[in-house]
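Given the coordinates of chain P, work out where chain H should sit on it, guided by the hints.
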Amino acid sequence: MIELTGIVKRYQEHEVLRGVSLRVADGEVCVLLGPSGGGKSTLLRTINGLETFDSGTIRVGDVVLQATPGPERDKALAIIRQRVGMVFQQFNLFPHRTVLQNVTEAPIHVLKQPPDVAVATARRLLERVGMLEKQNVRPGSLSGGQQQRVAIARTLAMSPEAILFDEPTSALDPRTTAEVISVMTDLAAAGQRMIIVTHAMSFARTVAHQVHILHAGTIAESGPPQQIFEDPQTDITRSFLSEAAIA
Amino acid sequence: MNDASWRSRPSFHGAFALIVAARVLFACVLPEAACADQALDAIRQRGTLIWGADQEGGGPFVYPRPDDPSQLTGFEVELAELIASHLGVKAQFAQGQWDKLPDVMDRGDIDIVLNGYEWTPNRAQRYGLSIPYYIYELQLLGRVGDESLISWDDLLKPIDGRRRKVSVLGGTAAQDYIEQLGEGKIDLALFEGATDAMEATELGLSGVDANMQDLPVWTFYSHGFPRLRPIGGPVGRGYYVALTRQADTDLLKAVNEAILKALQDGSLRRILARYRMWNETQMMRGIETNASGGFVGSSISGAEVNNQPADGPTSRFEQSSGWQVIWQRGGLLIDAAGMTVLLSVTAMPLAVLIGLMIALSRLYGPGWLRIPAACYVELVRGTPLVLQLYLIYFLLPKLLDTMFPGAGLTINAFTAAVMGLAINYSAYEAEIYRGGIQSIPKGQMEAAISLGMSKSLALRRVIVPQATRLVLPPMTNDFIALFKDTAVCSVITVVELSKMYYIQARSAGAIVELGLLTGLLYLAMSYPLSIVTNRLEKNLSQERRS
Chain P
1 MIELTGIVKR YQEHEVLRGV SLRVADGEVC VLLGPSGGGK STLLRTINGL ETFDSGTIRV
61 GDVVLQATPG PERDKALAII RQRVGMVFQQ FNLFPHRTVL QNVTEAPIHV LKQPPDVAVA
121 TARRLLERVG MLEKQNVRPG SLSGGQQQRV AIARTLAMSP EAILFDEPTS ALDPRTTAEV
181 ISVMTDLAAA GQRMIIVTHA MSFARTVAHQ VHILHAGTIA ESGPPQQIFE DPQTDITRSF
241 LSEAAIA
Chain H
1001 MNDASWRSRP SFHGAFALIV AARVLFACVL PEAACADQAL DAIRQRGTLI WGADQEGGGP
1061 FVYPRPDDPS QLTGFEVELA ELIASHLGVK AQFAQGQWDK LPDVMDRGDI DIVLNGYEWT
1121 PNRAQRYGLS IPYYIYELQL LGRVGDESLI SWDDLLKPID GRRRKVSVLG GTAAQDYIEQ
1181 LGEGKIDLAL FEGATDAMEA TELGLSGVDA NMQDLPVWTF YSHGFPRLRP IGGPVGRGYY
1241 VALTRQADTD LLKAVNEAIL KALQDGSLRR ILARYRMWNE TQMMRGIETN ASGGFVGSSI
1301 SGAEVNNQPA DGPTSRFEQS SGWQVIWQRG GLLIDAAGMT VLLSVTAMPL AVLIGLMIAL
1361 SRLYGPGWLR IPAACYVELV RGTPLVLQLY LIYFLLPKLL DTMFPGAGLT INAFTAAVMG
1421 LAINYSAYEA EIYRGGIQSI PKGQMEAAIS LGMSKSLALR RVIVPQATRL VLPPMTNDFI
1481 ALFKDTAVCS VITVVELSKM YYIQARSAGA IVELGLLTGL LYLAMSYPLS IVTNRLEKNL
1541 SQERRS
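Here the protein sequences line up with chains P and H, keeping their order. With our numbering applied, the first sequence corresponds to residues 1 to 247, in that order. With our numbering applied, the second sequence corresponds to residues 1001 to 1546, in that order.
Next up, chain P with everything else stripped away, as it sits in the complex (with noise of 0.2 angstroms):
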């Protein structure tokens, strides 16, 4: 389970999160909508404290995560990040490793498996993703949907409890889009905890269990896809729904 509770953050006089509370149950897919600036993907950086906050308390599992900078905060950080993986908007791969490498990097320096046990997790990770037979090459040379089906087998290998997805398809064309919402909705139906901030629309319908639209640092309203995109409770989901048809 992971929750937070009344988050805020501020950039000086700015409120960017203005008391977030939301709840994601163990084997669900969580999607975060709302328009641009509505804070979606800094709310989903303070899970595994790429951003920092103001107020508020982050629990994963039963590790607490503070506001207050300190030792205790980065106990819990160093925790929450083994269990709680990330896949960015720009993927994010290291240039100077091949695809594989890049796979078993953090299993063998992070979690000190033996190489060849993590070697054979990374193949059957890439295998997963269908990128195994780009395994020694370097990411420079691959596409960027491949590119980004390769960071989400560097994520699987940590096995977290949870993956944050930051936008993974906004840097995207149409094509490329696809490769990577198939490798996630197979990863949604094999039961993997999911929180995903994202643009795509229809993705966000099939395979989200919940969905919170962010706006103006607030949850203006939370639920399940049929509920939000077919009976929409609030005018802020409204106005959101209908700028986003039409975009």
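Careful, some of the hints might be misleading.
Straight line, CA to CA, 16 angstroms or less: simulated EDC-like cross-link-like pairs of lysine to aspartate or glutamate [to be verified]:
1. Lys1442/H to Glu51/P
2. Lys1261/H to Glu1288/H
3. Lys1185/H to Asp1196/H
4. Lys1185/H to Glu1202/H
5. Lys1261/H to Glu1078/H
6. Lys1455/H to Asp74/P
Some but not every residue of chain H turned toward chain P, in silico, with C-beta under 10 angstroms [unchecked claim]:
7. Lys1185
8. Thr1249
9. Lys1253
10. Gly1435
11. Gln1438
12. Pro1441
13. Gln1444
14. Leu1451
15. Met1453
16. Ser1454
17. Leu1457
18. Leu1472
19. Pro1473
20. Pro1474
Keep in mind the hints are simulated off the structure, nothing from the lab. From a predicted model like this one, the values you see are computed outputs, not experimental measurements. For every residue, glycine included, the Cβ atom is placed at its ideal position computed from N, Cα and C.
Chain H alone, transformed into the frame defined by chain P:
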């Protein structure tokens, strides 16, 4: 020979002001080493008298032997042996940059300085100065066939409305003499080497009409400059003296005894005559006695006064040129190039290591470390290498001695040179790495951290390896620059390729031949690195394209 024949280049003057300031400061803070009346015992115990001089000054003082350039000759070499044998020990030569010899002596690396140092009131306050072993005079030289300049009077007369121009060694008695005489009516051209000044005069370079030269230098080199001739008689007398540390009064007395004895028994006369330096002026001291103790008077033959001694041939400048000089002296240059390589390959890895630590401290270190790291870069980058070498070699041992008295901590010249180069270049490396690391996209660190890596693991496995590839080309450039900067280490007595070139070229008069060889050696060392740089740059740009 006059002072500052090897004076540092004008660009170093700022550094020198700082050095002087630092020395004054240290002189106030640190008590003088209390070693009075122990120097002589130490020398006798050691069995050697270590005397310092600069071979680059050339003949007739201390210079490589024409027939075997790996050996030294010169009247001061023989004088040092004479003094050493008087003390009952062997003479041991130590090379040092001429104007730094007193500092090397203060450091305790040499016992005496014997290298054409003049007696001056300022020196007499700071060092122990022996009785003179030579009375030098100055000689004006003009061009053969230049009928417009045949007397001292002509020097003051402008020609075609232009003032006369005299070449001198910068900062010397010759310069002072011409300045006082000319009172602004004579122009000066300052040179760093005695033979350079003569050559410029012979060729009339930059309008030079005449050269004011130390007489012994002119006597030694005269036949190498057939188009120069003396104008008028010798002028402006002064004394060449040996230097000791001020506290070493026992040593100073012993040196005086040795010189006095050599004057009395004629052995100093014989040495000087071998280098065509004995003359009427020396005779006027009148203290040489014969076997029965009587004054020799004018019984010394006229031939000897005219520098044709009865007991053998005289030594003088022997010009060598062409393949022969390369064959004869090339080996010494190649050996010296070995020192250049050794300095570079030892200093560069250290510079890289220190630079990387500084860069990481500045970028990722805790707050209390960032400011000192930034200060380090600014301080080291903002001060000249020559000053850093000077501080490490001359002042650090003093500081160590104050902090740990009696521990005998010292730093040899090679270590000091490597330290100086490593520290100097580490600041530049640090900036290169900082730039390289900053150019790695932020997402790389975020990806590494979100995979559970600690900051230091992420730096080691992800950031630094990528940055290294970016900074390799500028690093190789710096390595090439370091190769050439090793030349500065001659200020702290390290003889590397450049210094060896100056020593050999000036004593052989083969500036062009040995210059070409030296250039080739530098090229042979740096060109492979250039190839590596080019290849790295090419690989990198390919990697970026893919």
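Outcome of the hint check:
no.: 1; hint: Lys1442/H to Glu51/P; in the structure: holds, 13 angstroms
no.: 2; hint: Lys1261/H to Glu1288/H; in the structure: holds, 9 angstroms
no.: 3; hint: Lys1185/H to Asp1196/H; in the structure: violated, 24 angstroms
no.: 4; hint: Lys1185/H to Glu1202/H; in the structure: violated, 22 angstroms
no.: 5; hint: Lys1261/H to Glu1078/H; in the structure: holds, 15 angstroms
no.: 6; hint: Lys1455/H to Asp74/P; in the structure: holds, 11 angstroms
no.: 7; hint: Lys1185; in the structure: violated, 71 angstroms
no.: 8; hint: Thr1249; in the structure: violated, 65 angstroms
no.: 9; hint: Lys1253; in the structure: violated, 70 angstroms
no.: 10; hint: Gly1435; in the structure: violated, 18 angstroms
no.: 11; hint: Gln1438; in the structure: violated, 16 angstroms
no.: 12; hint: Pro1441; in the structure: holds, 7 angstroms
no.: 13; hint: Gln1444; in the structure: holds, 6 angstroms
no.: 14; hint: Leu1451; in the structure: holds, 4 angstroms
no.: 15; hint: Met1453; in the structure: holds, 6 angstroms
no.: 16; hint: Ser1454; in the structure: holds, 7 angstroms
no.: 17; hint: Leu1457; in the structure: holds, 6 angstroms
no.: 18; hint: Leu1472; in the structure: violated, 13 angstroms
no.: 19; hint: Pro1473; in the structure: violated, 16 angstroms
no.: 20; hint: Pro1474; in the structure: violated, 18 angstroms
Figure legend: structure checked against the earlier numbered hints; hints not met, in rising order: 3, 4, 7, 8, 9, 10, 11, 18, 19 and 20.
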